[in-house]
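Respectively, the protein sequence lines represent chains A and B.
If you're matching positions, the first sequence starts at 1 in the numbering used here and goes up one per residue.
If you're matching positions, the second sequence starts at 1001 in the numbering used here and goes up one per residue.
Worth flagging that the hints you see were computed from the coordinates, not collected in a lab.
There is no bait here: all hints are sound.
Which chain B residues face chain A? A few, computed with CB under 8 angstroms, are given here:
#1 Gly1112
#2 Asp1132
#3 Asn1216
#4 Arg1219
#5 Ala1226
#6 Val1231
#7 His1268
#8 Asn1275
#9 His1324
#10 Glu1341
Glycine included, each C-beta is placed from N, C-alpha and C at the ideal position.
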Amino acid sequence: MNTVTLTVKKQPELYLECENVNPDAFAGKKADDIAKLGAYQGKEMSTVGDYFTITGEAGATAADTKIIVNGDCTKMKYLGAKMTAGEMIVNSACDMYTGSWMKGGKLTINGDVHSFCGLALAGGEFTINGNAGNYLGAAYRGDWRGMSGGVLRVKGNAGSDVASFMTGGEMIIGGDVDIHLGTHMEGGKIILKGNANRRVGGQLVKGEIYVFGKINVMMPGYKPVGEVDLEVDGTKATFVEYIGDLGERHPKRKGEVVYGKLFMKK
Amino acid sequence: MPKEVTDVICPFCGTLCDDLIVTVSDDNKTILGVKNACAIGAEKFNHQRQPGRVKRPRMRQADGSYKEITYDEAIDWTANMLVKSRKTLMYGWASTSCQAMSIGHEIAEKVGGIVDNCATVCHGSSLIAIEDVGVPSCTLGEIKNRADRVVFWGCNPAHAHPRHMSRYSIFPRGFFTVKGHKGRKIYCVDCRYTDTAKCADEFIQVQQGFDYELLNAFRTAARGEALPDTVGGVPKEKIYEIVEDLKTARFGIIFFGMGLTHTMGRNHNIDIAINLTRDMNDHTKFAIMAMRGHWNVTGSGQVLGWQYGFPYAVDLSRRDQARHQTGETTSVDLLNRSEVEACFYIATDPGAHFPVDAMISSSRKPTVTIDPHINCTTEISDIHIPVALVGVEVGGCAYRMDNVPIETRKVVDPPEGVLTDEELLTRINHRVDELMAKGGQ
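Bound-form chain B, shown alone (with noise of 0.2 angstroms):
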């Protein structure tokens, strides 16, 4: 008879909801069905019953085949490359569980590591930009019961966090929102009329590469000073306006996302959204939030900010220090630099978003890649570690995007024999032990 698991955790996106309730078998090893789920999420859960997963770890051969080894081949090779090579960089850590990324931390302080996480191509920028001027935000629960004034920045929740806007940002009755989407205005700042502009009460297209300028026109008028005719495509007149309304909010949340972080100025475009923020609160009530894409990223943050006070790209090269340089100690940039010997990636897929040459110079070192499935990443690898889906065939703990931690549930037994990512860690962790205890460096 199959079961009905409730408030299962959705391991997708960094919106990480909390209500699926996915149908079982009577064994404990298929997903039958999944409910509450986007299409992400479901797919996600669907993906565990599919055809073809791999189960034991592949190593690639001088032809460019695979062959199938034991895991403690695997494992074996693993540690030895990590101790043989004089800097390595472990990418990825946002698909996983809190857990697993402090054991992976540990090999990485034994071995000199570099830990990055998918900030590096994703929210890095906003990581720096609160790193130089800080950030006053909140959390969801609080946006889904106070905000009524919301502005999208450079995101686009209805296709990359389908349920947010249903569950925090436009939709929700909360305590002081009761009237719902009634009761909140919601604006989209986009170069792009996007899908989540067409929700949007107001709908303000800047001209690509000038959210800056237009950030700064905005503070400039919240301070009653005079501006150009048109800042990045935007009439003055509507600017004046949007921030006289932003400043008779009851509690404003601004959200952005890619469309800050990755365009012409990067940090600096979040610095001054953040900015922006501050100034609002001189007025009333003003958060911002990022919008952060892989369910665990925040995770990795959280963990590798707790540990060595620096949220991603966190050089151990030395051992008794923890260094930190965007630009430098970053993935793509040590990869294009040639700056690492071996690559440890883990729980993401570098392979599928990386610059192309940064990619080229990866295939060129001692690579091993921990993930569920295959893809682009352990194509190119050395050694392909299969491992359980963590947040489906084993718990752990995750981080919301406004950094509320959520224990996230097992439903399924993973496929017989696969070991989950912290049994993994933990095994590797061992052999580098044994292995330096033996004179390694």
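If we strip away everything but chain A, and leave its shape as in the complex, we get (with noise of 0.2 angstroms):
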């Protein structure tokens, strides 16, 4: 696997949009050519190489493709954005769209993301040591598919409306939520290791939500049915079982109606 480094080198004005700054835009490319890929600031067209240093050359696939990117990034919005492969490795805070409409390959942000990171998730690994913003996995205005594969962690806190119309897949959180957490989720799982402020699974179809801390105000669609031992990411313990949303449409199977699970940690 070839290594690109990328440093940042100047600061946008505005934001920078690093659609280019992924696996799949760098594969087959030496650090010229990946200097000329385009990077837009408003409506002005720049390059990579106008932001970054480039050093080393990228794999002759996406997949054989490892980039690191060290300097500040809190104004570049979309980095590894759509990756389908390989690896990439970012050093520093980022801005939105971080890891949105990803389908392979592993990502890992050493700090804080800002909203709208790891939208509508297909696949890969996306790892955030750091807090997240709002609209976490989430799916784009308008879209009914939030997250619908992969993993997505979070060592910190992230905002409201994570996991919104979550389909698939499998997200950690290890510290809080704010508001709304799996809202319209079908499907999927969602490990919550510290609190939530309120409405978690509101207008919840099906999927998994696993609390390990306290939850402000239960949503009134939400009903106990029991108490389970389960192992969840590594932990075992005792939960309590509620089944919901009550208020929202459920699917059938074998004649049964299909329930969204909340589990709270006794």
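Starting from the two chains in their separate frames, assemble the complex, guided by the hints.
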């Protein structure tokens, strides 16, 4: 696997749209060619080379390419977005759309990310070693398909509207979340190690949410059905099982209604 | 001899009353009186004759005072600003005509601007919910003629849409609602006992910030499932009772306002209200409608919608594609994050409505404001360009809150030499063309 190292050399005045900073765009290119890839700032088209110093060269395919980004990326959008293979490590906080529409590969952010990261994540491993903003792993505006596959792991806290319209995959949040976790969820699994503010699993159709901490206010559409012993992300514990959201439509399978499930650690 | 102009459209709120009678002086220059309008609507017409109106563009000087300049100078300055800026916020549009909007959008496409309207701090959250789950809606005429259950949730038309209740929702006698008020059951859900609540048959006081939970409880009750003893301060017996009553409606309607769109959860409150409406349609006919504020904010959503597919916060900075993301391309976020280089405000007053931090950010950028009046925004702008009052001094198309287009009427002439929005934007558009032909970006 070949490694390309980018180092931020200039800060954008507005925000830089780095759609071309991912293993797929870099594949088969030498440092000079990578420098020529476009990067937008408003209507002005500049190049990746205008803002980054590039060393090394990419592998023949995305899967053979590893990208390391150093320097302050707090004003960079779309880092690692739409990547399908390979590896990318960003040693900084990042702005919006980081790792959105990712289909494969491994993306690690050693810092915080802003809102709309991991939108409609379909595959791969996305790890955030910091906090995340709102709409993590949610759907793009108006879409009814949020995160559908892959693993999204956040070490710290996440904001509101996390995993809206989630249809599959696994999300693990180490810290707390604000309101609206897993709203409109239709599948997949959320593991929340910390506390949730309110409105967990509102309008949830299918899927599983595990909460290790507390929920400030429980949704009225959830009903406790018993206790279960489970091993969740390496932790063995007893959980209270709820079914819901009873106010929402639910599919039937073999004549049985399939409810969404919420597990609260005792 | 003064003359009366009848069937005048009121350019104040989203109700767009179409039965105003305006008395105009025989020289066609002054409005002498307004009949049928509410106090706010009448004031909109009376503004026209107020002394001290700005009739020529003004430019701010280094010492903070304003100097009168010509329209040509103002247009040139504006066009240069738009061409030079890499990302321009073009906000407002809610109090102008759809025709003017389409010219503005043409400019935005050329200069790579971001077009946003007042929905961004108003019913934008409703629009996001509609993007997410759709909307079963109807016209105000259907409500007048058919509705026998009316729910006002987090809105107060008694103050915000003063004639709404008498024209459409509570009092009028319609084709199938011949008993008027007596034939309708009115619910008001709010955290305060408002003047609209006084007109309601039943007032449900919800604890502030618990609308989502209460709507969820309504949906759960509609499916016959168990509920906790109280939800948002409302006892479960009451919830079951109301839901059963709503199911027996011949035609039900939910009106909602800022109480849902701007409390905790925002778009989710609307989203679940829409889904409750959908659930109710399993039992009877039910619709839901946003109480849109500015008289033509719906029109801006319509024009943007058919041109770019998104109703507000449309980012055209790529010029070959439209993008939309509330939280990113919305005015307040753009200003707070200082993500734009220039501001172009038309037909609205962000200075009076945006958060202070956003306006501080705006005041540090080149700013042009197009507005008939002096307002909070004109005072922090580099250029203020006065225009004719749309709906009073010039006609144009507007959309009512139920998405019905209505052509507004001109009742008096604008002050001499004052341009209309359409004329001004056309000239800015031409100047932008000239500058870009010379090699602007």
